[in-house]
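> Sequence:
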Amino acid sequence: MTASDAAVMAGPRVAAVGAGRMGRGIAIAFAYAGHRVSLVDLRERSDEAWQKLHAEVRAEIETSLGGLASLGVMASERVPEIVARIDVVRADEAPRALAAAELVFEGVPETLQAKREAFQHINMHCSADAILTSTTSSILVTQIAEFVKRPERFLNIHWLNPAYVIPVVELSCHAGTDPAVLARAKALMEEIGKLPVVCGPTPGYIVPRLQALIMNEAARMIEEGAARAEEIDKATRYGLGLRFAALGVVEFIDFGGSDILHHASREMSASIDANRYKAPAILDTMMSEGRLGLKSGSGFYDYTGRDVGAYRSDVLLRTLGMLKHAGLWRPPATATQE
545 MTASDAAVMA GPRVAAVGAG RMGRGIAIAF AYAGHRVSLV DLRERSDEAW
595 QKLHAEVRAE IETSLGGLAS LGVMASERVP EIVARIDVVR ADEAPRALAA
645 AELVFEGVPE TLQAKREAFQ HINMHCSADA ILTSTTSSIL VTQIAEFVKR
695 PERFLNIHWL NPAYVIPVVE LSCHAGTDPA VLARAKALME EIGKLPVVCG
745 PTPGYIVPRL QALIMNEAAR MIEEGAARAE EIDKATRYGL GLRFAALGVV
795 EFIDFGGSDI LHHASREMSA SIDANRYKAP AILDTMMSEG RLGLKSGSGF
845 YDYTGRDVGA YRSDVLLRTL GMLKHAGLWR PPATATQE
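In the numbering used here, the protein residues as written are 545 to 882.
In short, the hints are calculated from the structure, not lab data.
A portion of the hints provided could be inaccurate.
[Said to hold, decoys possible] For lysine-lysine, the following DSBU-like pairs were computed, each having C-alpha atoms within a straight-line distance of at most 35 Å:
no.: 1; residue 1: 778; residue 2: 868
no.: 2; residue 1: 738; residue 2: 868
no.: 3; residue 1: 738; residue 2: 839
no.: 4; residue 1: 822; residue 2: 839
no.: 5; residue 1: 693; residue 2: 730
no.: 6; residue 1: 596; residue 2: 738
no.: 7; residue 1: 693; residue 2: 822
no.: 8; residue 1: 738; residue 2: 778
no.: 9; residue 1: 822; residue 2: 778
no.: 10; residue 1: 778; residue 2: 839
no.: 11; residue 1: 693; residue 2: 868
no.: 12; residue 1: 868; residue 2: 839
no.: 13; residue 1: 693; residue 2: 738
[Unchecked claim] Here are the simulated distance ranges between beta carbons:
no.: 14; residue 1: 783; residue 2: 628; range: 40 to 46 Å
no.: 15; residue 1: 854; residue 2: 628; range: 44 to 50 Å
no.: 16; residue 1: 781; residue 2: 712; range: 14 to 20 Å
no.: 17; residue 1: 613; residue 2: 819; range: 34 to 40 Å
no.: 18; residue 1: 757; residue 2: 613; range: 23 to 29 Å
no.: 19; residue 1: 876; residue 2: 783; range: 21 to 27 Å
no.: 20; residue 1: 655; residue 2: 635; range: 47 to 53 Å
Backbone N, C-alpha and C define an ideal beta-carbon position, used for all residues, glycine too.
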């Protein structure tokens, strides 16, 4: 073990409560980064049922890591050592694992009753300075905070599947979340290679709220006969998705101009659906104030003092990079076609 490996191994003890898909993904993410992880099953099981679950968890973790190795992301000989960092913990050993944890992720089924019962265990056994989180994708942080003994040390951390691959994690805080706890949680996520983004106690976080609109609209277009599934997927992978991989959604609004979005929304509101496509009031305000984005010097972002030419070149470079990655960049023809 190198000195850097030893430093990482000495890092925070992590517990993922709930041995389902999310818990397993979180365990892999931390173990891959060098941390020991307790994957805690709170359900009382017979010996036979426990052995079956334990074998299933181990097999899935090994298969997931083996998949990374087969794609050349990591050496296959690293798989056993990463797997060995994950302790699959039975319910009767949960108190020990929770007491040792500095960072706890609750990932039990998406019901308030299941969350309440899980936090009864967590409250009872975790240390007073542990950071407690829920990975819920649908329940507000304010609702779950009511179940937590020390709510100032609690926030939601929403992972995107596969949890050990997708870098973004969404951190949702309630009014009582200690700013120092948020800062520490962000730092811990960054230490394992994640990109934390912060939002308030809002339904759907950021990514699910945006993607639900897109997915519903895609299904609606198929329903209406507007386009086939294959055409929609081609358009989103190499049009919509490619551009939004090079530019963030809000950055994209500013780059093209908020007036473009305003006018497009007006037209589609009239021709498709007034409720779905009505522009929000913030766009009306920006239009009246002349804050049209990059072209006017301010929009959602302030471009004062920015080298606009250099910025445009950077955006073009990002986009070309995505085109090349997708294998769609074509060099100029070497001869004129008659």
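> Determine for every hint whether it applies to the structure shown.
For each hint, the structure was consulted:
1. A C-alpha spacing of about 16 Å is found between residue 778 and residue 868, which places the hinted pair at or below 35 Å, so the restraint holds.
2. Among the hinted pairs, residue 738 with residue 868 is consistent with the structure: their alpha-carbon atoms are about 25 Å apart, no more than 35 Å.
3. Under the criterion of a C-alpha separation no larger than 35 Å, the hint pairing residue 738 with residue 839 is consistent with the structure, at around 33 Å.
4. Of the pairs offered as hints, the one joining residue 822 and residue 839 holds, with about 23 Å between alpha carbons and a cut-off of 35 Å not exceeded.
5. Taking the CA atoms of residue 693 and residue 730, the gap is about 22 Å. The hint holds against a cut of 35 Å.
6. Between residue 596 and residue 738, the direct Cα distance comes to roughly 32 Å. Compliance with the 35 Å bound is thereby established for this hinted pair.
7. Proximity of residue 693 to residue 822 is assessed by CA-CA distance (about 43 Å); at most 35 Å being required, the pair is judged violated.
8. A distance of roughly 28 Å separates the Cα atoms of residue 738 and residue 778; the hinted pair therefore holds under the 35 Å criterion.
9. A C-alpha spacing of about 27 Å is found between residue 822 and residue 778, which places the hinted pair at or below 35 Å, so the restraint holds.
10. Distance hint between residue 778 and residue 839 is fulfilled; the C-alpha atoms sit about 31 Å from each other, no more than 35 Å.
11. Between the alpha carbons of residue 693 and residue 868 the distance comes to roughly 51 Å, so the proposed pair goes past 35 Å and is violated.
12. Of the pairs offered as hints, the one joining residue 868 and residue 839 holds, with about 28 Å between alpha carbons and a cut-off of 35 Å not exceeded.
13. Between residue 693 and residue 738 the CA atoms are separated by roughly 28 Å; this keeps the pair inside 35 Å, and the hint holds.
14. Judged by the Cβ atoms, the range 40 to 46 Å given for residue 783 and residue 628 holds: they are separated by roughly 44 Å.
15. The beta-carbon spacing between residue 854 and residue 628, approximately 48 Å, falls within the hinted interval of 44 to 50 Å.
16. The beta-carbon spacing between residue 781 and residue 712, approximately 19 Å, falls within the hinted interval of 14 to 20 Å.
17. The beta-carbon spacing between residue 613 and residue 819, approximately 49 Å, falls outside the hinted interval of 34 to 40 Å.
18. With their beta carbons about 37 Å apart, residue 757 and residue 613 fall outside the hinted range of 23 to 29 Å.
19. Checked against the hint of 21 to 27 Å, the C-beta distance between residue 876 and residue 783 comes to roughly 22 Å, which is consistent with it.
20. The supplied range of 47 to 53 Å is broken by residue 655 and residue 635, whose beta-carbon atoms lie about 19 Å from each other.
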